[in-house]
Amino acid sequence: MAVLTVEKLNKTFKGGLFEKDRHVLRDVTFSLPEGQTSGFVGSNGSGKTTTIKCLFDFIHPDSGEILFFGSPLSSPIKTRIGYLPERPYLYEFLTGMEFLRLHWNLCYGSSLKDFYERAHEALKKVDLFEAKDRRLRTYSKGMLQRVGIAQAILTRPDLLILDEPMSGLDPDGRAMVKDILREEQKRGVSLFFSSHLLQDMEELCSHLVVINRGQILYDGVLSSFMAEFQSLERAFSVLKGREESHG
Amino acid sequence: MAKVWALARTTLREMLREKVFFVVILIAVALLGLSFLLGALSLAEQKKILADFGFLAIQVATLGVSLFSGSYLLAKEIEKQTCLLILSRPVSREQFILGKLLGVVILNTLLLGALAILLSVLLGVWQESQLWLSFFEICLSLWFESVVILCLVICFSLIVRPVLALGAGVMVFLLGHWLGDLAFFAEKSKEVFFIQAVRFFHWITPQLYRINWKSAYFLEKGIPLAEVLWMIAHMTGWVLLLILLTNFFFRRKDIV
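So the protein lines, in turn, are chains A and B. Take 658 as the starting number for the first sequence in this note's numbering and just add one per residue. Take -19 as the starting number for the second sequence in this note's numbering and just add one per residue.
Careful, some of the hints might be misleading.
Here are the simulated BS3-like pairs of lysine-lysine, each with C-alpha atoms no more than 27 angstroms apart in a straight line [stated by the list, open to error]:
| hint | chain 1 | residue 1 | chain 2 | residue 2 |
| --- | --- | --- | --- | --- |
| 1 | A | 789 | A | 835 |
| 2 | B | 168 | A | 671 |
| 3 | A | 770 | A | 677 |
| 4 | B | 27 | B | 201 |
| 5 | A | 781 | A | 770 |
| 6 | A | 843 | A | 789 |
| 7 | A | 770 | A | 843 |
| 8 | A | 671 | B | 233 |
| 9 | B | 233 | A | 665 |
| 10 | A | 789 | B | 56 |
| 11 | A | 798 | B | 60 |
| 12 | B | 233 | A | 789 |
| 13 | A | 798 | A | 782 |
| 14 | A | 781 | A | 798 |
| 15 | B | 201 | B | 28 |
| 16 | A | 677 | A | 897 |
| 17 | A | 798 | A | 835 |
| 18 | A | 677 | B | 233 |
| 19 | B | 56 | B | -1 |
| 20 | B | 60 | B | -1 |
| 21 | B | 194 | B | 28 |
| 22 | A | 798 | B | -1 |
| 23 | B | 56 | A | 671 |
| 24 | A | 665 | A | 897 |
| 25 | A | 798 | B | 56 |
Counterexamples of contact, computed for chain A against chain B with all Cβ distances above 12 angstroms [as the list claims (entries may be wrong)]:
| hint | residue |
| --- | --- |
| 26 | 751 |
| 27 | 774 |
| 28 | 795 |
| 29 | 797 |
| 30 | 855 |
| 31 | 897 |
Just so you know, these hints were derived from the structure itself, not from any lab. The beta carbon of each residue, even a glycine, is placed where N, CA and C say it ideally should be.
All chains should be built: construct the whole structure from the sequences, respecting the hints.
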């Protein structure tokens, strides 16, 4: 069963008085297989973040259907999904532990059963256990990204959706995030993360979704994609070239 | 409700760190201090001056918090995108708004309560038990006024920029207090257009002039019950309407 199915998603942002409307998603259709890591790749401005924001209804699509585990987004479905936005801005006056507790409360109400065990587990995974009582404003960019990941994995979700989880991180930070994602893979979590860096995809993904100018160019197994084009860079430029010559 | 409460607690903590909150408290305390000094100059009118300035201080403080925090409450969440993580949880947009709103309302209630206790001590309200009721009713009207202005500014901030929302809040506050005078002048002028315009504004503006009870402190029997009940119904109606409108606009908004 697909953990996520997106069917003919369209979105146009209305222009101002002297601006044209921008059709940013055009019949976006793809699906993510269960228990696999899927990469969502595309150039900057290709529609990755808009698509992810549509998944959570932060941006209302004009048309199309989105199904998680075969059902539309709802509160019970949301408890099965972990999410990290691009450049996560967090409530910086909270400590790491308070931040996780807020997210726990938003999922399970005031009950703190299992909270401390799960929070400690998540913080240890992202190597922030020692810093758990420090305010987020004292965290470095890498630490903020990691505490963002900790909140995403706090509830042991079945599906993790991460928007550019490695953007802006130094090599050590990137390596640490990749290790965390590999650990989640081992746990059997379905992963979906966006990036414009093809190397990340090759290292982590078994499934690939390629988007360019709001259109899906490829949705399938990474290995067959690689076999056809030898390298991801080449594949991406060939597909973009094809699409642009059709367009 | 636990989710709304979790959001309210976080908002309260966030607001308590805002510099504007401390500026507002400073202004309120300065006004209270000034009222004490001015009152000391006039033996006969000492308590009246103290009560006038004291209630003004409470009004300025609670309105200040409503205007400044309300105008940026949702706008900041949307601009900084801190709301994305919250809304990715099993939290509806309605719960999110209620949580944020409740946080500021609690802050304003605590602020009003603290200033009211201070004023009651300065006025020696406990020595004149018949004035307790008026004192409480005035505080209640100021509380309702601050909540209505807060809801209004939050609602506007989803349509226009925060600064304009703040300006609109001030405009509605002034208009709501001037409606009575405007109606009087309209009747005197006998201009049909003026009369109709004032009637129109009566419908679209909270009638704050009818709950301007700050100078009613010395009424021994308090404010008539019918007036108090009207105030509660009128202001509750406005709060509910504004929350509904805010939810309507926020539900439709794309968080780009």
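The hints, checked one at a time:
For the hint linking residue 789 (chain A) to residue 835 (chain A), the alpha-carbon distance of about 21 angstroms falls within 27 angstroms, and the restraint holds. With a C-alpha separation of about 49 angstroms, the suggested pairing of residue 168 (chain B) with residue 671 (chain A) is violated against the 27 angstroms cut-off. For the given pair, residue 770 (chain A) sits about 52 angstroms from residue 677 (chain A) by alpha-carbon distance, which is inconsistent with the 27 angstroms threshold. Between the alpha carbons of residue 27 (chain B) and residue 201 (chain B) the distance comes to roughly 18 angstroms, so the proposed pair stays at or under 27 angstroms and holds.
Among the hinted pairs, residue 781 (chain A) with residue 770 (chain A) is consistent with the structure: their alpha-carbon atoms are about 19 angstroms apart, no more than 27 angstroms. With a CA separation close to 25 angstroms, the supplied pair residue 843 (chain A) and residue 789 (chain A) stays within the 27 angstroms bound. Under the criterion of a C-alpha separation no larger than 27 angstroms, the hint pairing residue 770 (chain A) with residue 843 (chain A) is consistent with the structure, at around 25 angstroms. In summary, the hint linking residue 671 (chain A) to residue 233 (chain B) is supported, as the alpha carbons are separated by about 13 angstroms, within the 27 angstroms threshold.
Between the alpha carbons of residue 233 (chain B) and residue 665 (chain A) the distance comes to roughly 21 angstroms, so the proposed pair stays at or under 27 angstroms and holds. Of the pairs offered as hints, the one joining residue 789 (chain A) and residue 56 (chain B) holds, with about 26 angstroms between alpha carbons and a cut-off of 27 angstroms not exceeded. Proximity of residue 798 (chain A) to residue 60 (chain B) is assessed by CA-CA distance (about 15 angstroms); at most 27 angstroms being required, the pair is judged to hold. Proximity of residue 233 (chain B) to residue 789 (chain A) is assessed by CA-CA distance (about 35 angstroms); at most 27 angstroms being required, the pair is judged violated.
Pair hint residue 798 (chain A) plus residue 782 (chain A) holds up; C-alpha atoms about 17 angstroms apart against a cutoff of 27 angstroms. Pair hint residue 781 (chain A) plus residue 798 (chain A) holds up; C-alpha atoms about 18 angstroms apart against a cutoff of 27 angstroms. With a C-alpha separation of about 17 angstroms, the suggested pairing of residue 201 (chain B) with residue 28 (chain B) holds against the 27 angstroms cut-off. Taking the CA atoms of residue 677 (chain A) and residue 897 (chain A), the gap is about 24 angstroms. The hint holds against a cut of 27 angstroms.
At most 27 angstroms may separate the alpha-carbon atoms for a hinted pair to count; residue 798 (chain A) and residue 835 (chain A) meet this at roughly 16 angstroms. Of the pairs offered as hints, the one joining residue 677 (chain A) and residue 233 (chain B) holds, with about 20 angstroms between alpha carbons and a cut-off of 27 angstroms not exceeded. Simply put, residue 56 (chain B) and residue -1 (chain B) have alpha-carbon atoms about 15 angstroms apart, close enough for the 27 angstroms limit, and the pair holds. For a cut-off of 27 angstroms, the pair hint linking residue 60 (chain B) to residue -1 (chain B) stands: about 19 angstroms separates their Cα positions.
For the hint pairing residue 194 (chain B) with residue 28 (chain B), the CA-to-CA distance comes to about 10 angstroms; that is within 27 angstroms, so the pair holds. Between residue 798 (chain A) and residue -1 (chain B) the CA atoms are separated by roughly 25 angstroms; this keeps the pair inside 27 angstroms, and the hint holds. The suggested pairing of residue 56 (chain B) with residue 671 (chain A) holds, with an alpha-carbon distance near 22 angstroms, which does not exceed 27 angstroms. For the suggested pair residue 665 (chain A) and residue 897 (chain A), the alpha carbons sit about 20 angstroms apart, so the restraint of at most 27 angstroms is met.
A C-alpha spacing of about 20 angstroms is found between residue 798 (chain A) and residue 56 (chain B), which places the hinted pair at or below 27 angstroms, so the restraint holds. Once the 12 angstroms rule is applied to beta carbons, residue 751 (chain A) is inconsistent with being away from chain B; the minimum gap is 7 angstroms. No Cβ of chain B approaches the Cβ of residue 774 (chain A) within 12 angstroms, the least distance being about 20 angstroms, so the stated non-interface status holds. For residue 795 (chain A), the shortest C-beta to C-beta distance to chain B comes to about 14 angstroms, beyond the 12 angstroms cut-off, and the non-interface label holds.
No Cβ of chain B comes within 12 angstroms of the Cβ of residue 797 (chain A); the nearest lies about 18 angstroms off, and the non-interface call holds. For residue 855 (chain A), the condition that its CB be more than 12 angstroms from all CB atoms of chain B holds, with the nearest at approximately 26 angstroms. Even its closest Cβ contact with chain B, about 25 angstroms, leaves residue 897 (chain A) beyond 12 angstroms, as expected for a residue assigned away from the interface.
Of the numbered hints listed earlier, those contradicted by the structure are 2, 3, 12 and 26.
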